[in-house]
Amino acid sequence: MDAKIKETLLNPIFKGNPITVLVLGICSSLAVTVELKGALVMAVSVIIVTGLANLILSLLRNTIPNRVRIIVQLVVVAMLVILVDEILKAFAYPVEKQLSVYIGLIITNCIVMGRIEAFALGNKPFASLLDGLANGAGYGLILVIVAFFRELLGSGTLLGIRIIPESFYEAGYMNNGLVILPPMALILIGCIIWVQRSIQKDLQEK
Amino acid sequence: MEYINLFVKSIFVDNMVFAYFLGMCSYLAVSKNVKTATGLGAAVIFVLLCTLPINYLINGFLTNNPFGVDLGFLSLIIFIATIAAFTQIVEMVVEKFAPALYGQLGIYLPLIAVNCAILGGSLFMQQREFANVGEAATYALGSGLGWFLAIVCLAAIRERLQYSKVPAALKGIGITFITVGLMAMAFMTFMGISL
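Just so you know, the protein sequences line up as chains A and B, in that order. Under our numbering, the letters of the first sequence match residues 1 to 206, in that order. Under our numbering, the letters of the second sequence match residues 1 to 195, in that order.
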């Protein structure tokens, strides 16, 4: 049982990562990675929503008629996302403004729906909660890696603190403006996939 | 003139895929060949064009209703309900009256309910505060066409990619990401255009 919990927790982080292996939840992940701060907030929001949505739907799994399950799932997820959105509006308004529509788009984030369908509807509540949290964390990990490179190379800062010293700029170093723009997010994720599949040969496609 | 400007802008400058990464999941999954990509693209245009004006009117009612209460916080749940209900209705109508089309689109129609491009369109409509339904519909048509254009282009490129030598670890989804990145760079040349 212990090994099973460990497997549930660790598999989504690397081996079965939702973004790089399952290719789920790309939609809302790329646009929030310009700065590390936004990416962290987004990652935490998604971890909370996937974890709780999995827990709630796993508790309800024996009472939901199969035909209307999608709409029930949408309602539960939408409720959780509204809660997260309202909390962010109250306590972190600037970040909420910066993330704009992407908080709302957690509803249609394929990871949430995918994990509910694939895991929560057939497993016990506790295992589902862990699975949701772990998948959210796997998503968050990629988000943080991408945001780390984009903020460091694009603005020379991390979490708003200057990392690349002023003397570099005086010596002629320049921020790479392209990294901040949307295309580089896609290319960076492509590179992460490249690195991961070079290490894990069994993931390579023919 | 404003309508034309909004229309052109939403196709090229504010392209759903390349500027905002909306609808990425199905964009990457269903772009293996041009025919299915065209079908999904057409379905997205249609659903966007129908749900966005409906959501525009609902949003107007929520924020400015006879009860005098701002129900704006409910917009998320109502938008997704409208979209889910609409796709369900479209699916039933198409199945009943055009079985051939249903056979082609069948599996993509229900997928559209959870396509971020549709909900994203409604959320951007709310954020940009369009003046009237006409503007909202123009925006819907423009961004739908932009999405259509993007998925058909990518499908065409991927059909060609099958015959090229790609590093083993980059095959499949890796090279697709990089291709989309390069396409997005190309689309960035449209930035700042206004009529």
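Mixed in with the good hints, there may be bad ones.
Calculated pairs, DSS-like style, for lysine-lysine (alpha carbon to alpha carbon, straight line, at most 25 Å) [unchecked claim]:
1) Lys165/B - Lys32/B
2) Lys97/A - Lys9/B
3) Lys165/B - Lys9/B
4) Lys97/A - Lys37/A
5) Lys4/A - Lys89/A
6) Lys4/A - Lys15/A
7) Lys165/B - Lys201/A
8) Lys96/B - Lys9/B
9) Lys6/A - Lys201/A
10) Lys201/A - Lys171/B
11) Lys37/A - Lys4/A
12) Lys15/A - Lys201/A
13) Lys171/B - Lys15/A
14) Lys32/B - Lys201/A
15) Lys171/B - Lys32/B
Derived by calculation from the structure, the hints in this document are not laboratory data. Values in this document were obtained by computation on a predicted structure and should not be read as measured data.
Sort out which numbered hints this structure fails and list those numbers smallest first.
Failing hints, ascending: 3, 5, 8, 11.
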